[in-house]
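Visitor: This is what each chain is made of:
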Amino acid sequence: MRALALLLTVGGLPMARAQTDVRVAEYRIKAAFLFKFLPFVEWPVQTFERTDSPLVVGVLGASELADELEVIVGSRLVNERRVQVRRLHKGEVPNDLHVVFVAVSTNAALPLLVAAHRGRALLTVGEADDAARAVSAINFVVVDDRVRFDIALGPAEIGQISISSRLLALARRVVPSNS
Amino acid sequence: MLHSLRARIILVVLLTTLSAVVVALVAMVAYDIHIWRKDGISEIRTQADLLGQTIAPALSFGDRKSAQENLNLLRSRPEIRAAAVYAADGALFASYSQAAGVAQVPATAQAGPEQINGGELLVFERVALGPETLGTVHLRASHDLDSRLLSYAGISLAVAAFSMLVALLFSFRLQRIVTRPILSISRLARQVVQQHDYSRRAEKLSTDEVGTLVDSFNDMMAEIERHSRENSESLKRVAHARQQILELNEDLERRVDERTTQLMQSNEELARAIETADKANRAKSDFISSMSHELRTPLNAMIGFAQLLGLDRSPRLAAHQDEWTQQIQRAGWHLLEMINETLDLARIESGSVQLTVGPLALQPLVGACCAMLATPAAQRGIRIEQAVAADAGAVLGDALRFKQVLTNLLSNAVKYNVPQGHVVVVARRLESDDGDVIEITVSDTGLGMSPEQQAALFQPYNRLGREKTDIEGTGIGLVISRRLAELMGGTLEATSTAGKGSVFTLRLPAAELEQAPPVPFTHTSPAPYHRRLVHYVEDNETNVEVMRGIFAQRPQIRLEVSMLGLDGLTAIRASRPDLVLLDMQLPDISGLELLRHLKQDDSIADIPVVVVSADATALQTQRALTSGALRYVTKPVDVTQLLQIVDDVLEAADTRWS
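Protein chains in written order, with this note's numbering: chain A, 1 to 179; chain B, 1 to 658.
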């Protein structure tokens, strides 16, 4: 919580620093957001092999985010499960993830990952500018120097997860499902 | 009473309802307040929890705007006055207020249980996501107990008022159900008391206790009716009986009046009859008295002069002439006897005989009567014997009349006896329940009587055929004797055997000997005397002539005569005679009146008076003797007897004067 407050405070600062600093600060906020999303998302029970199986979060193309996320997760439990952060290399397509973050730069890998997890619940988080065409359920956006997020229900359905309405209330936009 | 009963029932129902309503309301309000408070707290907590849940992501992502929006949703909840969200470090994250400046929220988060303060409920609720505490939600809701109590009071009042109204309606119906039969009984009872109509009955409307009351009341009414009926019947009977008594009384009074009237009438008739009878009696007595006097006067002359002829010595009558005068005298005396007896019987039959009944010593009377008949008995050689028992000392009767009866019986016994016969007089006492009786029997040894003769014995003027004999008789002596015996309370009966003699039985009530008055002493011994003056008051010249002839036998006596009573009185006062001879019937005043004048004059009252009267009635005799006469001599005068009396009186006078 202290970290969040710090991030928020940092996030609230004007982006007058260097681009790197900006990028680091943004990913730190997004890492905190990503962790905070977890309690509001539900996976089907069969997604986990055991009741104490860890929640695996894969991060592709944003090491800063992964670093920060590992710090945040620490030994904290989400839904009474440990959170495991896995750094994905370029071209790596695992099929046992529960959450995957794909940075803008590696956006193209997302459909592969989704396809790899077909038949298995997966929360996809991206940084797509255009949420309407995005394939990730949650997309971070920066509005007025502040990190916000949109939620697209179509990809969420594809990912076979349900997102709490309380989280939906915080989203900048919620894109309804086409179906 | 009527109002009271109804009012009480209504009051009871209302009070019961009120208390029930009050208790129920109080309990309900208390419970409701408790629940309200609990629910209020719970609700606010829930609200806070929900708010926390809702606002958790905003807190989590530090989205103040979202948090504010969430808080602003509370506008739909007017009871939430204010709300606030605090971050995990306690700093105010977002706040909401119903109206600007209405309520302030604390600057920092607080912990602890809910607070109630000034009509507001303050709640702080931790906001957690999983194990993490995200912050605190604070809600400040209105929790105005006073206004709630006020509204409760309003509701309670309304409920109570409605309940009371309903209860009032119910109680009206209820009291009607309960009181109507009772009031009907009450009304009926009052009417019964006022109208005394005990035949009325209360209508039974139910089978409950009131029904039982109605039954009991009706039973009671039946009982009262029965009693009333019996009472009125007995009263009717009493009234009827009283009516009957009144009618009987009236009838009785009427009859008494009738009887009284009848009695008065009969009394008047009786008085008239008595008066008539008295008149008749007086007339009869007067007639008898007059007859007695009128018959005796000529007889007095006949017998007197015959006696004077016999006494005349110068010249003495021839022997056969003397015998003739004797015959005249006997016939005269017999005629006198017949007249006396006839008049006596007439007096007895008319009831004008007066008796002086008293105790009479028997022995001297029987002796005197026997002595009177001694001479005629001796002439025929008949012996008279007498036996008076010791216990037959006295009888109750009139001395004169007893003598008359006994003399008559003895006279008959001598008269109808045979020569040398016997006459026995026996007196004895018979004891009887009605009082002792003295029985006196006179037995003779005479001719006796046949049964036919006995049957006619006591009939007047029936001489039983003996008128053909030479024995003199009137045929009425026994009739008079029997009547006299009956008048004295006794009887006279006869038994007889023809040829052997007769027994006459006289029965009279016994008396005690001690009460008998002494028999008056009579002196008969004459003595020589000289020069006496006798005054004779007599209007009849024949009688005067007879008297002068008699006194010719006593030459020493000078006889003065007055023809009128008042002349006699004057003469007697003037000459003071030694003896007065007084006739009863005088032209001017009666002999009795003159006698009283003589005895009332002190100067001459001591002169002896001998009445010589043709009135032989006992009443006249009695009057004369009680008025002061010394003796009463009846006409025709027995010369010998008169001279004897005169001698007695004058001899005594001589002695007195000497």
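By construction, these hints were calculated from the structure, which means they are not laboratory data. Backbone N, C-alpha and C define an ideal beta-carbon position, used for all residues, glycine too. Some clues are possibly wrong.
Cβ pair distances, simulated, as ranges [to be verified]:
(1) Ser177/A x Asn72/B: 25 to 31 Å
(2) Ser164/A x Gln68/B: 32 to 38 Å
(3) Ala169/A x Ser142/B: 53 to 59 Å
(4) Ala27/B x Ser177/A: 32 to 38 Å
(5) Gly90/B x Val45/A: 48 to 54 Å
(6) Ser177/A x Met28/B: 22 to 28 Å
(7) Leu150/B x Ser164/A: 40 to 46 Å
Sample of chain A residues at the chain B side, in silico, Cβ under 7 Å [said to hold, decoys possible]:
(8) Leu170
(9) Arg172
(10) Arg173
(11) Val174
(12) Pro176
Visitor: Hint by hint, say whether it matches the structure.
Guide: We went through each hint and held it up to the structure:
A hinted range of 25 to 31 Å holds for the C-beta pair serine 177/A and asparagine 72/B, which are about 29 Å apart. In this structure, serine 164/A and glutamine 68/B break the distance hint of 32 to 38 Å, their C-beta atoms being roughly 20 Å apart. Between alanine 169/A and serine 142/B the C-beta distance comes to about 27 Å, which lies outside the given range of 53 to 59 Å. The beta-carbon spacing between alanine 27/B and serine 177/A, approximately 56 Å, falls outside the hinted interval of 32 to 38 Å.
Distance hint check: the CB atoms of glycine 90/B and valine 45/A are about 37 Å apart, inconsistent with the given range 48 to 54 Å. The hint said 22 to 28 Å for the Cβ distance between serine 177/A and methionine 28/B, and at roughly 53 Å that hint is violated. Checked against the given bound of 40 to 46 Å, the beta carbons of leucine 150/B and serine 164/A, roughly 44 Å apart, stay inside it. Checking leucine 170/A against chain B: minimum C-beta separation of about 5 Å stays under 7 Å; hint holds.
Checking arginine 172/A against chain B: minimum C-beta separation of about 10 Å lies over 7 Å; hint violated. Because the smallest distance between the Cβ of arginine 173/A and any Cβ of chain B comes to about 14 Å, over 7 Å, the interface hint for this residue is violated. Taking 7 Å as the C-beta cut-off, the interface hint given for valine 174/A is violated, the closest approach to chain B being about 13 Å. With its C-beta approaching chain B no nearer than about 20 Å, proline 176/A sits outside the 7 Å limit, and its interface hint is violated.
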